[in-house]
Amino acid sequence: MKYLKFTFFLIGVGALIIHFSLIGMSLFPDNPIKHQLKYELRSYVNPFFSQSWNLFSPTPINTNMTLLIQFKTFNGAITDTTDWVDIYQPLIEEKRRNFWSPAQRLSKFMTSCMQSVIESSQTYAQAVKEDTVLLRDSVKSKLAYEFYMSNTFGNQSIVQYSHFVFKKLFLGQDLNSFDSVFVRYEIFDSKFPRFSKRKLDYFDLKNYTFNKVASSYFKTSGNGITKNK
Amino acid sequence: MTESIYLFSNTRTIGLSIFRVVLSFLVLKNMIFYFPMAGELFGPNAIFPYGDYLILMDISGVGFLTFPFPNDLVARFFVATTAIFSVLFLFGIFKRISGLALFAMLFILKQRNGFILDGSDNVIEVTLPFLILANSYSHFNYRIPAIKKLEFYKDKFRGILDCIKSLATIALLIQICFVYFFTAFAKFQGSLWLNGTAIYYTMRVEEFRATKWNIWLTENHYFVVFSTYFTMLWELSFPFLVWFRQTRLLILILGIFLHVGIWIFMRIDNFSWIMIGSYFIFVSNAEYLKFQEFLKYRFKVLSRTT
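Protein chains in written order, with our numbering: chain B, 5 to 233; chain X, 51 to 356.
Hints are supplied without guarantee of correctness; some may be wrong.
As the list claims (entries may be wrong) - Computed list of lysine-lysine pairs in DSBU-like fashion (alpha-carbon distance at most 35 Å, straight line):
(1) X:K160 x B:K76
(2) B:K171 x X:K79
(3) B:K195 x B:K216
(4) B:K216 x X:K160
(5) B:K112 x X:K340
(6) B:K146 x X:K160
(7) X:K79 x B:K112
(8) B:K195 x X:K160
(9) X:K145 x B:K171
(10) B:K201 x X:K262
(11) X:K206 x B:K6
(12) B:K172 x X:K79
(13) B:K42 x X:K160
(14) B:K195 x X:K262
(15) B:K6 x X:K340
(16) X:K160 x B:K38
(17) X:K160 x B:K171
(18) X:K340 x B:K9
(19) X:K262 x B:K210
Just so you know, the hints here were simulated from the structure itself, not pulled from any lab data.
None of the values given here were measured: they were computed from a predicted structure.
Looking at chain B on its own, in the form it has when it is part of the complex (with noise of 0.2 Å):
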């Protein structure tokens, strides 16, 4: 028996030095070892093990966020569009006021999507550097823009969340109760001042400079699926 213990607790020892290895490995910024066994890592680490610790790192979020949205009904000959509505700053209000509140799961989701949308916006534009065909047609890559943008998970889940934003801006009316309803979208990246200049007012937005990403029209409807308009 004391053999046999002795034995498991080497193996046991033994894999969970393979495991920290392999954890430590896929942690760890691009490195040859780590391109070298990217599968392996990436087989081993997803989805059980996967871990990521780089909150605020290596560049901490050091911009303003926006999310505002826009709808457009069709009944019958009636064509309404709505005002822009900002549907991220009342989360981050409510998250204030409140030390334990639900806003905060909501206000990450937000988060989360701006920066799918932001990122693959990033990836796309530089993708279209290195593409002399997009670079020369600018109509053919509008499209493949909107075609790629359309297919990230940040569009399809901000789409889908207009859903519930309607409803609350139509008193409860559903999607389904007009011929058609498009939505887009609009964030603002916005850099108050930087360090050096600290000392200008926080709260003036004229000493912030804007970025923004702007969807095209996105049909939507009650089962999630979305078209380009």
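Given chain B, work out where chain X should sit, using these hints.
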């Protein structure tokens, strides 16, 4: 020496039990928040598209775990069941069985709508398997008499079971160290961290500007630079200094200050609590008993003088 390693888990039962309670309580809190909007978060027409959930389950190779979420009521039932298992695990009822069920349900919820999750959920996900295996059911539990039937098997395999529990406890401690080591490692690659201004941005950004004091505090460059470097150096030193008795207390107390500060000024609550909860495992049962003796002595002295 080897014997003491086999029984390592038995020397941390108080800390492990406290961590189990903290973890279960946070899961329960999350489920209470999710429950009223379970349909919107996890239902068939939830804010994260159902089709994307199926894709994620498929590419993760765990399609067999796909829970269908056919309507909002089932989503609510699923959240309620997860809450029940978190209560069972909190009280150590059905021990590893309830822990395993909780892990599976949290995994499904993560896949269904990962966009709502934060760092604390990631900590729970990677520590829970080790916590399930470790000896974390000795304190703050409700004992069911019928379970005693299994004691015979326990006695027969006690040596091997102790071995598994101890290795799981060591793994849990290493995993906590990994969190701090890799977050510090990433910070040392960021220019804003290296030039000492990162805290200025993290405390000012709208999402984390929790108090009206954030702007005032970050106007002071001494505060910004000191808190930025303190965060980096503390995180980097934690995985090394927490193992030594001489430095453990200091590093843990500084950690509590850091996380309470993050909670107050940035309102990152779950992450702060789960990390502080994990610190209890680094303290041995003997140290808790010593502390208890010390408190008893102080109370005695205090009552004599008054």
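Violated hints - listed by number, lowest first | Violated hints: 5 and 9; rest satisfied.
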